Amino acid sequence: MDLQEYFSLVFSDYTLRTITLGTAVLGAVTGMLGSFAVLRKQSLLGDAISHAALPGIAIAFLITGAKDSNTLLLGALISGLIGTFWIRGIITKTHLKPDTALGLILSLFFGFGMLLLTFIQKQPNANQAGLDKYLFGQAATLVESDVWLMAIITGICLMVLLLFWKEFKILLFDADYTKTLGFNTKFIDILITTFIVLAIVLGLQTVGVVLMSAMLLAPAAAARQWTNSLSTMVFLAALFGAFSGVFGTAISASQNNLSTGPVIVLVAGVFVVFSFIFSPSRGLLFKQIRFIKNRRDLELHKTLAFMYDIAETHENISHPHAIKILNNFQGFTKGTLQKLVKKDYVKLNGNMWSLTEEGFKTAANLYNQQSNE
Amino acid sequence: MNSAQIEIQLIASLVAIACTIPGTFLVLRKMAMISDAISHSILPGIVVGFFITQDLNSPVLILLAALTGIITVVLVEYIQKTGLVKEDTAIGLVFPALFSIGVIMIAKNANDVHLDVDAVLLGELAFAPFDRLLISGVDVGPKSLWIIGSILAITITLLIAFFKELKVSTFDAGLAASLGFSPAVIHYGLMSVSSVTTVGAFDAVGAILVVALMIAPAATAYLLTTNLKKMLALAITFGVFSAISGYWFAHWLDASIAGSITTMLGLLFLMVYLFAPSKGVIAVLYREKQQRTEVSLLTFLLHLKNHKEKEERHVNHLNEHINWQKVRSKTVLELALKNNMISIENSVVSLTEKGNDFTSQAIDYIITNEDTQIEHMKDDFFLFRG
Numbered sequence: 001m002d003l004q005e006y007f008s009l010v011f012s013d014y015t016l017r018t019i020t021l022g023t024a025v026l027g028a029v030t031g032m033l034g035s036f037a038v039l040r041k042q043s044l045l046g047d048a049i050s051h052a053a054l055p056g057i058a059i060a061f062l063i064t065g066a067k068d069s070n071t072l073l074l075g076a077l078i079s080g081l082i083g084t085f086w087i088r089g090i091i092t093k094t095h096l097k098p099d100t101a102l103g104l105i106l107s108l109f110f111g112f113g114m115l116l117l118t119f120i121q122k123q124p125n126a127n128q129a130g131l132d133k134y135l136f137g138q139a140a141t142l143v144e145s146d147v148w149l150m151a152i153i154t155g156i157c158l159m160v161l162l163l164f165w166k167e168f169k170i171l172l173f174d175a176d177y178t179k180t181l182g183f184n185t186k187f188i189d190i191l192i193t194t195f196i197v198l199a200i201v202l203g204l205q206t207v208g209v210v211l212m213s214a215m216l217l218a219p220a221a222a223a224r225q226w227t228n229s230l231s232t233m234v235f236l237a238a239l240f241g242a243f244s245g246v247f248g249t250a251i252s253a254s255q256n257n258l259s260t261g262p263v264i265v266l267v268a269g270v271f272v273v274f275s276f277i278f279s280p281s282r283g284l285l286f287k288q289i290r291f292i293k294n295r296r297d298l299e300l301h302k303t304l305a306f307m308y309d310i311a312e313t314h315e316n317i318s319h320p321h322a323i324k325i326l327n328n329f330q331g332f333t334k335g336t337l338q339k340l341v342k343k344d345y346v347k348l349n350g351n352m353w354s355l356t357e358e359g360f361k362t363a364a365n366l367y368n369q370q371s372n373e
Numbered sequence: 001m002n003s004a005q006i007e008i009q010l011i012a013s014l015v016a017i018a019c020t021i022p023g024t025f026l027v028l029r030k031m032a033m034i035s036d037a038i039s040h041s042i043l044p045g046i047v048v049g050f051f052i053t054q055d056l057n058s059p060v061l062i063l064l065a066a067l068t069g070i071i072t073v074v075l076v077e078y079i080q081k082t083g084l085v086k087e088d089t090a091i092g093l094v095f096p097a098l099f100s101i102g103v104i105m106i107a108k109n110a111n112d113v114h115l116d117v118d119a120v121l122l123g124e125l126a127f128a129p130f131d132r133l134l135i136s137g138v139d140v141g142p143k144s145l146w147i148i149g150s151i152l153a154i155t156i157t158l159l160i161a162f163f164k165e166l167k168v169s170t171f172d173a174g175l176a177a178s179l180g181f182s183p184a185v186i187h188y189g190l191m192s193v194s195s196v197t198t199v200g201a202f203d204a205v206g207a208i209l210v211v212a213l214m215i216a217p218a219a220t221a222y223l224l225t226t227n228l229k230k231m232l233a234l235a236i237t238f239g240v241f242s243a244i245s246g247y248w249f250a251h252w253l254d255a256s257i258a259g260s261i262t263t264m265l266g267l268l269f270l271m272v273y274l275f276a277p278s279k280g281v282i283a284v285l286y287r288e289k290q291q292r293t294e295v296s297l298l299t300f301l302l303h304l305k306n307h308k309e310k311e312e313r314h315v316n317h318l319n320e321h322i323n324w325q326k327v328r329s330k331t332v333l334e335l336a337l338k339n340n341m342i343s344i345e346n347s348v349v350s351l352t353e354k355g356n357d358f359t360s361q362a363i364d365y366i367i368t369n370e371d372t373q374i375e376h377m378k379d380d381f382f383l384f385r386g
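Each protein sequence line maps, in turn, to chains Y and U. Residue numbering for the first sequence follows the numbering used here, starting at 1 and increasing by one per position. Residue numbering for the second sequence follows the numbering used here, starting at 1 and increasing by one per position.
Hints are computed from structural coordinates only; laboratory data are not their basis. Treat the numbers as computed from the prediction; the structure is a model and nothing was measured. Note that beta-carbon positions come from the ideal geometry of N, C-alpha and C, so glycine has one too. Mixed in with the good hints there might be a few duds.
[As the list claims (entries may be wrong)] Calculated cross-link-like contacts (lysine to any residue; reagent style SDA-like; alpha-carbon spacing at most 25 Å): (1) K86(U) <-> K122(Y); (2) K86(U) <-> T232(Y); (3) K97(Y) <-> N227(U); (4) K97(Y) <-> G280(U); (5) K97(Y) <-> T237(U); (6) K81(U) <-> N294(Y); (7) K86(U) <-> D174(Y); (8) K86(U) <-> P280(Y); (9) K338(U) <-> V327(U); (10) K81(U) <-> R290(Y); (11) K30(U) <-> T92(Y); (12) K287(Y) <-> Y78(U); (13) K97(Y) <-> K338(U); (14) K186(Y) <-> E7(U); (15) K93(Y) <-> F171(U); (16) K97(Y) <-> A184(U); (17) K97(Y) <-> G174(U); (18) K229(U) <-> P98(Y); (19) K97(Y) <-> K108(U); (20) K97(Y) <-> A233(U); (21) K108(U) <-> K93(Y); (22) K86(U) <-> R88(Y); (23) K287(Y) <-> G83(U); (24) K93(Y) <-> L228(U); (25) K97(Y) <-> S3(U); (26) K97(Y) <-> G83(U); (27) K81(U) <-> T64(Y); (28) K30(U) <-> R290(Y); (29) K230(U) <-> I91(Y); (30) K86(U) <-> Y177(Y); (31) K97(Y) <-> F249(U); (32) K122(Y) <-> I363(U); (33) K279(U) <-> P98(Y); (34) K86(U) <-> L172(Y); (35) K81(U) <-> F291(Y); (36) K122(Y) <-> E7(U).
[As the list claims (entries may be wrong)] Stretch-level coverage of chain Y by chain U, calculated; a stretch enters the list once three of its residues show a Cβ under 8 Å from a Cβ in chain U: (37) 80 to 94; (38) 219 to 225; (39) 253 to 259.
Start from the sequences and build out the full structure, keeping to the hints where you can.
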């Protein structure tokens, strides 16, 4: 199936429609909440939580013995929350650093989860197969009820975001001020963290434990490059996330042997790289262009100032001089000379140059003007 | 115990030691998450290496994969340097992308590659003894034992040779640089050792256990000591203990050895986290509670010193005046009485001479903030120790 066929089928084929919708909704909600994680400098929390959710899935299965995705996700949510709050406990109560706490919880919970999964595999229970889809995710296993669940949670999340928008925003940028204003910062903090955990848990079935953190980060990191406003960033991140979901699903459906999760992550990665390079205000490309332009301006100014110094020693400021004497001076290039001519600061006559009246004035005021600004 | 079991435990212990040594420095240098990133992003390196060598245990593959680890570090640092995102976001972006490339490469070549992503993440220690190294037809032991053994030997040699440099640059990077140890060389040296160890160990124990073995023993030891040599020794002990006990736990449960070793590490950390003598949670909570009481005591004594009037010093009045709950005022009163700082006559509290002296000293300390004045009080009070 090629891409064209995919897009013609996406509206008619049940499976394709469900998966596409599911990944799009997932991308939107993770992008939205991911913005907060990135801005709160908790980017790697997502990675830790998604790994920490694994034992919850296994324990939920051991207790209920059923593979109902809702109960498994509930288990994942509880174990993810325990992991999150343990990380906080380690950071606040001991002198271990945040990165150590994250790495600890991540690897210990995941290892414990794998122990339980391998233990389950040895159990004489025909129902156990398929639990390992949570490792790398399998978008193909999404059914309509899963998509509904995602949509409902996204809706709740959106409502809470709008309701507590002011609180979230102020806590994000000035936590101390929020406290002095009398907001219950602990509650707001727990609320936003819980929703981040919820979003991660929702994605486990589709993208999997290992790659879930990228779903949270990549759209937000890409969106951050285009704007300095929180609301625009959240909106853009949701958009990027949704598009990564759709394109990722489309590409993986159009080829054999391509799991959806990694492809979605790579598409999101392309968004990030594109934003890093082409964002107008922060992007590397425009930054480099601005850098070169500034350097040229500086060279131009240097040449003009140099000419001014020479011209100053003569009665007639337009007295012609040889271009050769400029060569001693590094800032001089043919390009800057041409530019000076274009601006009518300098006149060229064969191998000789001379300052014009205007050029002399500009040069005289070159540094005065800048210091006045 | 048969010979295969001994070999498994030997491999697990060697992996534990090999991981713990660079892990200790990673934890101290606040770079623990880098080990997680490396352990994931070596996947594409392993796949490419496997295409070239067709042998999971070849040294070329280990070097290629370790190179991917270094590339990860360089990429993370490059992205961070652009200032577009913070360091943790940079880590979080780079390793899933590289890992995804690895997963896709495996999936696209599923027929040619006898590689399984599950195996990369988990490893299978139980099979390690079956892959023997034959030198001119003589069986000299499992291949992974030799690989991890040589990596460990290199690590220990480097550790002994550069211990001083590592120590200085870990605790005072500025001093190390001014003494002439290049921070970049030490940094990338440590990163290279971590990458090589990760790759060498992943085949036996999987990527996740490598991370666990790097971070958990070091973090556990860090809660117990602040001496680098002791920390290394403790971490290695914890690592080896978890490796061996984890093996028997897995044997009993008939489950993954890697997962079981991690679980042992987790239990060990939980125990130390709760019960460590001075840095454990229980000790910290107890200290915080004591400090709260002592702050109250100090407030109370200051109040007594400031008020000579009888009605201000009445026990009940104190309750109402300073706005404490009954239990709290009772604890404070008892503590003060026990230390002979106050005397109570007809429910009127007055400062004793000792209490008076103590209060004056405390005020002096609060005003001048000079540590020498309270040196002798530190033994009796938590408050002044922190």
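Here's how the hints hold up against the structure:
1. K86(U) <-> K122(Y): violated (43 Å)
2. K86(U) <-> T232(Y): Holds, at about 20 Å.
3. K97(Y) <-> N227(U): Distance ~17 Å between K97(Y) and N227(U) Cα, so the pair holds.
4. K97(Y) <-> G280(U): Answer holds: K97(Y) to G280(U) is near 15 Å, not above 25 Å.
5. K97(Y) <-> T237(U): holds (22 Å)
6. K81(U) <-> N294(Y): holds (21 Å)
7. K86(U) <-> D174(Y): holds (18 Å)
8. K86(U) <-> P280(Y): holds (19 Å)
9. K338(U) <-> V327(U): Given pair K338(U), V327(U) holds - Cα atoms ~16 Å apart, limit 25 Å.
10. K81(U) <-> R290(Y): holds (18 Å)
11. K30(U) <-> T92(Y): This hinted pair holds, its Cα atoms lying about 16 Å apart.
12. K287(Y) <-> Y78(U): holds (15 Å)
13. K97(Y) <-> K338(U): violated (39 Å)
14. K186(Y) <-> E7(U): violated (51 Å)
15. K93(Y) <-> F171(U): holds (22 Å)
16. K97(Y) <-> A184(U): Roughly 22 Å between the alpha carbons, so the hint for K97(Y) and A184(U) holds.
17. K97(Y) <-> G174(U): Holds. K97(Y) to G174(U) sits at ~20 Å (cutoff 25 Å).
18. K229(U) <-> P98(Y): Since the Cα atoms of K229(U) and P98(Y) sit roughly 23 Å apart, the hinted pair holds (cutoff 25 Å).
19. K97(Y) <-> K108(U): violated (40 Å)
20. K97(Y) <-> A233(U): holds (21 Å)
21. K108(U) <-> K93(Y): Given pair K108(U), K93(Y) is violated - Cα atoms ~47 Å apart, limit 25 Å.
22. K86(U) <-> R88(Y): Holds, because 20 Å separates the two Cα atoms, which is no more than 25 Å.
23. K287(Y) <-> G83(U): With Cα atoms ~12 Å apart, K287(Y) and G83(U) stay inside 25 Å; holds.
24. K93(Y) <-> L228(U): holds (21 Å)
25. K97(Y) <-> S3(U): At roughly 41 Å apart (the allowed maximum being 25 Å), S3(U) and K97(Y) break the hint.
26. K97(Y) <-> G83(U): Holds, at roughly 23 Å.
27. K81(U) <-> T64(Y): violated (49 Å)
28. K30(U) <-> R290(Y): Between K30(U) and R290(Y) the Cα gap is close to 35 Å, so the pair fails against 25 Å, i.e. violated.
29. K230(U) <-> I91(Y): Roughly 23 Å between the alpha carbons, so the hint for K230(U) and I91(Y) holds.
30. K86(U) <-> Y177(Y): Holds, at about 23 Å.
31. K97(Y) <-> F249(U): Measuring from Cα to Cα gives roughly 30 Å; hence the hint is violated.
32. K122(Y) <-> I363(U): violated (68 Å)
33. K279(U) <-> P98(Y): holds (16 Å)
34. K86(U) <-> L172(Y): Answer holds: K86(U) to L172(Y) is near 15 Å, not above 25 Å.
35. K81(U) <-> F291(Y): Answer holds: K81(U) to F291(Y) is near 16 Å, not above 25 Å.
36. K122(Y) <-> E7(U): holds (24 Å)
37. 80 to 94: As far as the stretch 80 to 94 of chain Y goes, the hint holds, because 4 residues have Cβ atoms under 8 Å from chain U.
38. 219 to 225: holds (count 3)
39. 253 to 259: Check passed, 3 qualifying residues.
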